[in-house]
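Please work from the sequences and hints to get the whole structure.
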Amino acid sequence: DGGITQSPKYLFRKEGQNVTLSCEQNLNHDAMYWYRQDPGQGLRLIYYSQIVNDFQKGDIAEGYSVSREKKESFPLTVTSAQKNPTAFYLCASSIDLGRIGNGYGYTFGSGTRLTVV
Amino acid sequence: RKEVEQDPGPFNVPEGATVAFNCTYSNSASQSFFWYRQDCRKEPKLLMSVYSSGNEDGRFTAQLNRASQYISLLIRDSKLSDSATYLCVVRSNDYKLSFGAGTTVTVRA
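Top line first, the protein sequences correspond to chains A and B. With the first letter of the first sequence counted as 1, position 54 gets the number 54 in my numbering; the numbers rise by one all the way through. With the first letter of the second sequence counted as 1, position 2 gets the number 2 in my numbering; the numbers rise by one all the way through.
FYI, nobody ran anything at the bench for these hints, they're computed from the structure. In this text the structure is predicted, and so the values were computed from the model without any measurement. Treat each hint with caution, since some may be false.
To be verified - Okay, derived cross-link-like pairs now, DSSO-like style, lysine-lysine, Cα gap no bigger than 27 Å in a straight line: (1) B:K2 to B:K45; (2) A:K14 to B:K42; (3) B:K2 to A:K71; (4) B:K45 to A:K71; (5) B:K42 to A:K9; (6) A:K83 to B:K2; (7) B:K79 to A:K71; (8) B:K96 to A:K70; (9) A:K70 to B:K45; (10) A:K57 to A:K9; (11) A:K9 to A:K83; (12) A:K9 to B:K96; (13) A:K57 to B:K96; (14) B:K45 to B:K79.
Stated by the list, open to error - Listed next, with one range per pair, are the computed distances between beta-carbon atoms: (15) A:K57 to B:R108: 35 to 45 Å; (16) B:S26 to A:S22: 29 to 39 Å; (17) A:Q56 to B:E3: 14 to 24 Å.
Glycine included, each C-beta is placed from N, C-alpha and C at the ideal position.
See the structure below:
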């Protein structure tokens, strides 16, 4: 079955450490996104990519980096510059940027819960 | 002002009851609207799109009021399995979906 796989499910980061969250999809979707979710807040967009080797900053990109070397993969690195990284991170994809409306919506991965220890 | 605002609830209702709640959005140029369902500690899943004329999907009815800039979700004959957080989602420009913080519904036996 097609879908999005995020790993790991839980991740613990020490102060000053960089960590990378994996996101892989086999839906043949062009567009991919990273969001973070904090309690009592809506999802906030970190980065998005509409095509291989291209990505754009979202609303809260500071302290994060991404790459899009393959269509299927969109890993997110949480760097030591991100001062409050504890959150639920969600990767999503859509057929393309232009078709997230018209009933298509997003497909989400199951998320990674990152905690600073 | 937040782009999408929702009453966080919780709405506690007995099985079989009807529950309805709204979501307001700030961008009058918004084009597409969705309701997503999110179970505790899980990812959001698309429940239904919201069309201008209103639409139903089984026990769920969604309405859009562009003049007042809100969308609504009504759940009839509530089931225990309807207990979840319902996210209001608005397409506010060409690439981005804006998410509300969610309305929590708890259906009790």
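Against the structure, the hints:
1. B:K2 to B:K45: The hint holds at about 22 Å.
2. A:K14 to B:K42: Answer holds: A:K14 to B:K42 is near 24 Å, not above 27 Å.
3. B:K2 to A:K71: Violated, at about 33 Å.
4. B:K45 to A:K71: Satisfied, since the Cα-Cα distance of roughly 22 Å is no more than 27 Å.
5. B:K42 to A:K9: This hinted pair holds, its Cα atoms lying about 11 Å apart.
6. A:K83 to B:K2: 23 Å, holds
7. B:K79 to A:K71: 40 Å, violated
8. B:K96 to A:K70: 22 Å, holds
9. A:K70 to B:K45: 25 Å, holds
10. A:K57 to A:K9: Answer holds: A:K57 to A:K9 is near 24 Å, not above 27 Å.
11. A:K9 to A:K83: 21 Å, holds
12. A:K9 to B:K96: 25 Å, holds
13. A:K57 to B:K96: Roughly 11 Å between the alpha carbons, so the hint for A:K57 and B:K96 holds.
14. B:K45 to B:K79: 18 Å, holds
15. A:K57 to B:R108: 35 to 45 Å: Hint holds: Cβ distance 44 Å, inside 35 to 45 Å.
16. B:S26 to A:S22: 29 to 39 Å: 35 Å, holds
17. A:Q56 to B:E3: 14 to 24 Å: Since A:Q56 and B:E3 have Cβ atoms about 18 Å apart, the given range 14 to 24 Å holds.
Violation of the numbered hints given earlier is confined to hints 3 and 7; the remaining hints are satisfied by the structure.
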